[in-house]
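S.K.: Each chain, letter by letter, is given below.
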Amino acid sequence: MTTSATPVKGKSPLALPGRRSVPGRVVPVIATFVLFVLLFGVGTARYDGFLSGQVVANLFIDNAFLIVLAVGMTFVIVTGGIDLSVGAVVALSTMVAAAGLQAGLPAPLVVLLVLAMGSTLGLLMGLVIHYFEIQPFIVTLAGMFLARGLCFVVGVESISIKDPTFRTFATAAIPLSGTVSITWSVVIALAIVAVAVWVLHRTRFGRTAYAVGGNENSAMLMGLPVARVKVGVYVISGLCSAIAGLLFSLYMLSGYGLHAVGMELDAIAAVVIGGTLLSGGAGYVLGSLLGVLVLGVIQTLISFQGTLSSWWTKIAIGTLLLLFIVMQRVFMRRQP
Amino acid sequence: MTSTRPLDRFRASGLLWPLVALLVLLAANAVVRPSFLALRIQDGHLYGSLVDILKNGAPTMLIALGMCLVIATRGIDLSVGAVVAISGAVTCSYIAGAGDPTGAGAAFAGMGIALALCAVLGLWNGFLVAVVGIQPIIATLVLMTAGRGIAMLITDGQIITVRNPAYRTVGAGFLLLPVSILIAVAVFALVALVTRRTALGLLIESVGINPEASRLAGLRARTIRWTVYVFAAICAGVAGLMISSNVSAADANNAGLWIEMDAILAVVIGGTSLAGGRYSLTGTMLGALIIQTLTTTVYSMGIAPEITLVFKAVVVIAVCLLQAPKARAVLLRRTRRRHTPPDPDAEAAGRPSTHTPTSAMVEKVAQP
Chain G
1 MTTSATPVKG
11 KSPLALPGRR
21 SVPGRVVPVI
31 ATFVLFVLLF
41 GVGTARYDGF
51 LSGQVVANLF
61 IDNAFLIVLA
71 VGMTFVIVTG
81 GIDLSVGAVV
91 ALSTMVAAAG
101 LQAGLPAPLV
111 VLLVLAMGST
121 LGLLMGLVIH
131 YFEIQPFIVT
141 LAGMFLARGL
151 CFVVGVESIS
161 IKDPTFRTFA
171 TAAIPLSGTV
181 SITWSVVIAL
191 AIVAVAVWVL
201 HRTRFGRTAY
211 AVGGNENSAM
221 LMGLPVARVK
231 VGVYVISGLC
241 SAIAGLLFSL
251 YMLSGYGLHA
261 VGMELDAIAA
271 VVIGGTLLSG
281 GAGYVLGSLL
291 GVLVLGVIQT
301 LISFQGTLSS
311 WWTKIAIGTL
321 LLLFIVMQRV
331 FMRRQP
Chain B
1 MTSTRPLDRF
11 RASGLLWPLV
21 ALLVLLAANA
31 VVRPSFLALR
41 IQDGHLYGSL
51 VDILKNGAPT
61 MLIALGMCLV
71 IATRGIDLSV
81 GAVVAISGAV
91 TCSYIAGAGD
101 PTGAGAAFAG
111 MGIALALCAV
121 LGLWNGFLVA
131 VVGIQPIIAT
141 LVLMTAGRGI
151 AMLITDGQII
161 TVRNPAYRTV
171 GAGFLLLPVS
181 ILIAVAVFAL
191 VALVTRRTAL
201 GLLIESVGIN
211 PEASRLAGLR
221 ARTIRWTVYV
231 FAAICAGVAG
241 LMISSNVSAA
251 DANNAGLWIE
261 MDAILAVVIG
271 GTSLAGGRYS
281 LTGTMLGALI
291 IQTLTTTVYS
301 MGIAPEITLV
311 FKAVVVIAVC
321 LLQAPKARAV
331 LLRRTRRRHT
341 PPDPDAEAAG
351 RPSTHTPTSA
361 MVEKVAQP
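Chains as they are written, first to last, in UniProt numbering: chain G, 1 to 336; chain B, 1 to 368.
Isolated chain G (complex conformation) (with noise of 0.2 Å):
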């Protein structure tokens, strides 16, 4: 494998000899891991120059703000909880950060704007759900209509970004050996895996994520803070949203109200494929990492092939969504 494929692969075990040494958790998330590798191994034994360390590169490059996304999502799913949003915040974000650039703003300054909206959307969601006991699904489903529609608010056609420093941002390779190179977005979206798998699994609030997803009324008979933890989660995927969002402009180097339609559903198919269950209480950041790397394995696929058309891409998704979720059954043995 290549440079870019060891750390995952050294990171994987890196967080089953924590608390939880349950074997039942971790197998998901090998299983996620087992499947990258054989997808990976059947690209490389049908076609030519699959083994390469751009083709892995690519993976980070085209994938960037949809592993932040489900980081995001992780969080929230592991809490019980679902976000509808965030595909909408990408757009919203978008539209604001070229919007924002067209009408003269400084960049750092447009980059702080988009990341305080995101986190106050999902701010405000956190403190419907738990202060008004509302389901997670509908008032994040609102939060999506609300945010697709400020999307065309701010403006109905697509702004393309000319602000020379997001473009040179965007551009810039960092190059990792002679012949494979990176962009900054793969970057900022690791660190961000790093600082969730630390929050996630070594801190507090990581801890009591799992507790209110676990059970949430013996969580606060333990005097542990839900209310916090709750509203902390969405907070946490409305940021990463924005961040998202943000990687999708440099990605697309334009914003639009129509941009991501449906990536929250390839983000929490991810993070279903990487392991975590929709009922909450367990799940790794770095299952959903794989989660994401395998979807993007199947597109690069799909592409290499060539003849398969684009739609099968969504069939691939459902069927490994379905045996996932079949093997979760299997082994966690959970009652819905």
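The set of hints was computed from the structure by calculation and includes no laboratory data.
Misleading hints may appear alongside valid ones.
A short list of chain G residues far from chain B (calculated; beta carbon distances all over 12 Å) [as the list claims (entries may be wrong)]:
1. K162
2. T179
3. T203
4. L253
5. G318
Computed footprint of chain G on chain B, listed as stretches where at least three residues anywhere in the stretch have a Cβ under 8 Å from a Cβ of chain G [what the hints assert, rightly or not]:
6. 134 to 144
7. 148 to 160
8. 260 to 270
9. 310 to 322
Example chain G residues on the side facing chain B (calculated, C-beta under 10 Å, incomplete) [what the hints assert, rightly or not]:
10. F152
11. I325
12. V326
Note that the Cβ used here is the ideal one computed from N, Cα and C, for glycine as well.
Fit chain B to the supplied structure of chain G, relying on the hints for placement.
M.R.: Chain B only, in chain G's frame:
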């Protein structure tokens, strides 16, 4: 239990707020554009903005009816949008490939095949939920993701157009009123009759409250859950026929896109709790009408259609918040009951309809 006075019973039914919202929307339209309420008859067809709302809202209504029963069993069906696309794709590609693409025979055969396939998809969803025991939201997410791919596979990624008068009747025909709304109302009447005049509605609600207890009480919980998913898929299939026949084309990419969200919204706005165990078919129909009226309002007021979403979000949040204190009161009472006798404060704090699922059930049992 509740008072027998009609007004109180109406308030207790939870239909008050949705009805108020609908009337406010209609009134706002009538004020801004007086011609809004006008109806005229031309060539034996009824025309007017109100008829348009009914016609365009019919698919959402139909899907929402199916969704309502699924949600009543504490489930959810995210795959209906994909089923809509598949249904249209199957019918149009069958008609386009038939020996006589304009004949009624081809149209009926195509629709029959499409609905049969939709029933199979419903069986699949129901199998995953009721037999394998996967959470409904994920089980149907599978078909939601894969379904649109399947629809694209059927149409080969093309938009298939057909010219078939018989098929066109389903979505665009008139029998004084649009045929589509007549179908939706007929299904509504049928469902209301079957679930509310027999014990079936009660059984569905009891499965929603506690599937395991219902099974131990001798209900066929598994069969009931399975059936509602099949019903939801068939409803989505018929809605798919309406949508594709209205434009005489099958667009696998965009037909029924986000319609599952609209349908869920309609159900929730209509006062059905996503936690299951209680449902209102009339409320669901009102919810679907509110959503469609909102969309039409935005169009007719000359606001960019894309911004409809903002209004939708506002309505959803408003309606949910109006219903939220009720949920809180119910929850408070439940938790307090474990320690102390029922608190009169919690009773008084409740919104018009403070039915806990159990009280709703007791009331229904009490009714002859």
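S.K.: Hint by hint, where does the structure go against what was stated? Just the numbers, ascending.
M.R.: Going through the list in order, the structure violates hint 5 alone and respects the others.
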